[in-house]
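Using the hints, position chain X against chain P.
Residue numbers (the numbering used here), protein chains in the order written: chain P, 1 to 251; chain X, 1001 to 1310.
Keep in mind the hints are simulated off the structure, nothing from the lab. Think of the CB as a built atom: it goes at the ideal place given N, C-alpha and C, for glycine as much as any other residue. A hint or two may mislead.
[As the list claims (entries may be wrong)] Derived Cβ-Cβ restraints for the label pairs, each shown as a range: (1) P:R212 / X:T1178: 41 to 49 Å; (2) P:A133 / X:Y1028: 52 to 60 Å; (3) P:P242 / X:T1178: 54 to 62 Å; (4) X:G1004 / P:H122: 16 to 24 Å; (5) P:R246 / X:V1294: 51 to 59 Å.
Here's the letter readout for the chains.
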Amino acid sequence: MPGAVAVTGALLEVEGLGKRFGGFVALDEIALEIGAGERVGLIGPNGSGKSTLVNCLSGTMRNDSGRVRFAGTPLDGLPAHKRTRLGLARSFQLPKPFHSLTVVQNLHVPLLFTAKHRAGAHLTNAEIDARCAELLRMVALDGKAEARPRDLTQIEMRKLELARAMAAAPKLLIADEAMAGLSNSEVDDILALLFKLSEAGVTVILIEHIMRAVMAFSQRLVCLVAGRKIADGAPPEVVRNPEVERAYLGE
Amino acid sequence: MRLGTFWLLTALAVVAIFAASRLVTNDYFFFAGYVVLQYVVLATAWNILGGYTGYINFGTAGFFAIGAYSSVVLHKLWGPPIPVLILVGGALAGLIGLGMGCLTLRLKGVFFAIGTLAMAIVLQTLVINWDFVGGSRGVYIIRPATVPLLGTYIHYLFLVMLALSGLAVAVARSIECTTLGFGLAAIRDDEQAAEAAGVPTLKLKLISTMLSGALMGMAGAPLPYYVTYLDPSSGFNLAYAVNAIAMPLIGGMTSWVGPVLGAIFLGTIQQAATVMIESSLNLLLVGVLLVLFVVAAPNGIIGLCRARSP
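Isolated chain X, as found in the complex:
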């Protein structure tokens, strides 16, 4: 399939899903759907660096919170519309990803992973001590009750996250079938051999970190409007980092489909468990499913499907 066709189909899917969602009358569906879609973006973004390039990022929550807190700052200063917040949050998270990449990507594997975790903790400490964004007390964001044309505000937020998911998937797919994707795969398989084959490894790793971080920041930008009360421990919640790793692992890391399947599967289970059983069950569920998949289906849902259809 041509790349342009894929972007077009993604856009059509976004429109179709949103049109279908207009038939739903219960607002809870939109609140739950928003969270699942947010994980589609986070898992897809994580997979660009983790799955395509082979660098494990434990700092998803950090990039995500950069987006969320940049929105808080802009909201207090000026109050621009959400698409602007997303652009700013994405640009900021992308830049921080680039900076962190410059510091850590010369090192291999585990050092990078530790670096990303440290970055999230440093950022959280900064935010806790920054009064303007509420510090450790947190901050309230008053959102409008309704939006013209769409009705309730959550419908608008749902649409925004749906469009972002479409963008993330289209970006991931574009990387897969261009020169960049070949370069990243070579880096993942063997970095020395990649260099010897003419691949500028450092540059491609920086691009990958920047794209991945930017998409995570974009996913975080509408968060303050969704939760209306944001504090550091929810913005930087470890659950984001754990889920962003678990979802591509469960779905499959080799193509864009994996993180999407993983996010929908795990995200939906978590939402259902929160309502029907208890919210603290979430991370336990992730753990159990992760163990099950690592043992029984190391290549994720995609791997299972491919094994069935030779």
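One chain only, chain P, in its complex shape:
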């Protein structure tokens, strides 16, 4: 029946997703289902199409073929801001803070622009301030509320990036290499944060090269190589998959 809400357990359904840049096939017939509440790791060598997939899911890029459904709603052709309002948020691989705004104002933007579009929710200034304080406490940036992004350290910048994504109150968070370039203990910091979000009911897709973090976090692992999905399953099985080993280690 057209228009009926799909009664599957999947929060995100991707079917036959394709994207090419000129003659180069960046994504080839990707199929993927993510259930509500899952913690999924997305791995693959550099240039395998992970970021392109994130960009197509979040609406930063248009996919050439295939379909994406989120919580039963088709996303095809929707601009990025509408997807964010539906509850699909992302963080960027290279942090993109609003550098002319303070840290707390950075969080105001998603609060102002997404909350208004949720049913019955019109945030008062006091509610916005309270929500900002809560988010800053969550990422331990409460001492830096009035700082400018340029005064933040690398890890603080990553935390701001995550907090801003969380300010949109998403159902699904796609964290694109949120830990790249961080030290061991900083990686643990971000991991703890992601676990906390997951416990709060947010579905998380983690794109990461740091295998220790991916293995610790993921309930399920998806591996992309050269724009194709070559493995999808329990993490220990996926990393033992001969195709995955070949992609990472060579013949």
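Okay, now just chain X, sitting in the frame of chain P:
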């Protein structure tokens, strides 16, 4: 400060400045003051798109001339009072801003800048070939010598431009402290991140272009009555575009105060230079000051003041 309070204070400032100006007996003051105030409107309007949103508009003269020439048309057809001309000129320039935004705002940065410049040139070519508004020969507008209550007509024009400046400043300030201002700042800083944060970037850019263009058109609407002889090369003068960019740069682009300070500072210097030295010195002055400020005070006069008071 609450927004309503700001509008009220702006209105009071307009009344106070006008009351003070009644003490001046020399009409030249009103002619010069009109030009400075006109630049307050243009610079503030330019800054809504250029400073808040981060899109550089080289077509200020085009929007300005839309207002001026719509007044010429209405004057020849019907001759309505100036406030009506301002509304029509503003609406027309706003609509053209919206249309141009639809065509160019999907592109980034430099393409938009080129588009605005091209628009001004296309419009100028149209006007040059349109006989009804005088074509390249230009057109004479006979204005009444006096106005009831106010006396000389230039006093009336001065009051009109003063009120428009107040309106422009109040609009700019309102944008700054509402959701719209946050959205525009996000767009200026990073458009992709803004989209990801739920900001409808295209829609906000169109609103910004429309408001900016409308205010520029409003500033141009009384021009035919001020100059009494309008030809395309003065209506579309590049000096409007250059000044509208230079004034916010010199004053500071982050808040409504910057363009106002820049316009008063640069506008007054230009008026003084025109009288005391020579009018052709104007653009040279703009150039020199611009270089000085870009090198010594990249955040404008506001930046200098903020640096002094930590």
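Cross-check of the supplied hints:
1. P:R212 / X:T1178: 41 to 49 Å: holds (46 Å)
2. P:A133 / X:Y1028: 52 to 60 Å: Holds, since A133 (chain P) and Y1028 (chain X) (Cβ atoms, about 57 Å apart) stay within the stated range.
3. P:P242 / X:T1178: 54 to 62 Å: holds (58 Å)
4. X:G1004 / P:H122: 16 to 24 Å: At 20 Å between Cβs, range holds.
5. P:R246 / X:V1294: 51 to 59 Å: Cβ of R246 (chain P) to Cβ of V1294 (chain X): about 56 Å, so the range 51 to 59 Å holds.
Checked against the numbered hints listed earlier, the structure breaks none of them; every hint is satisfied.
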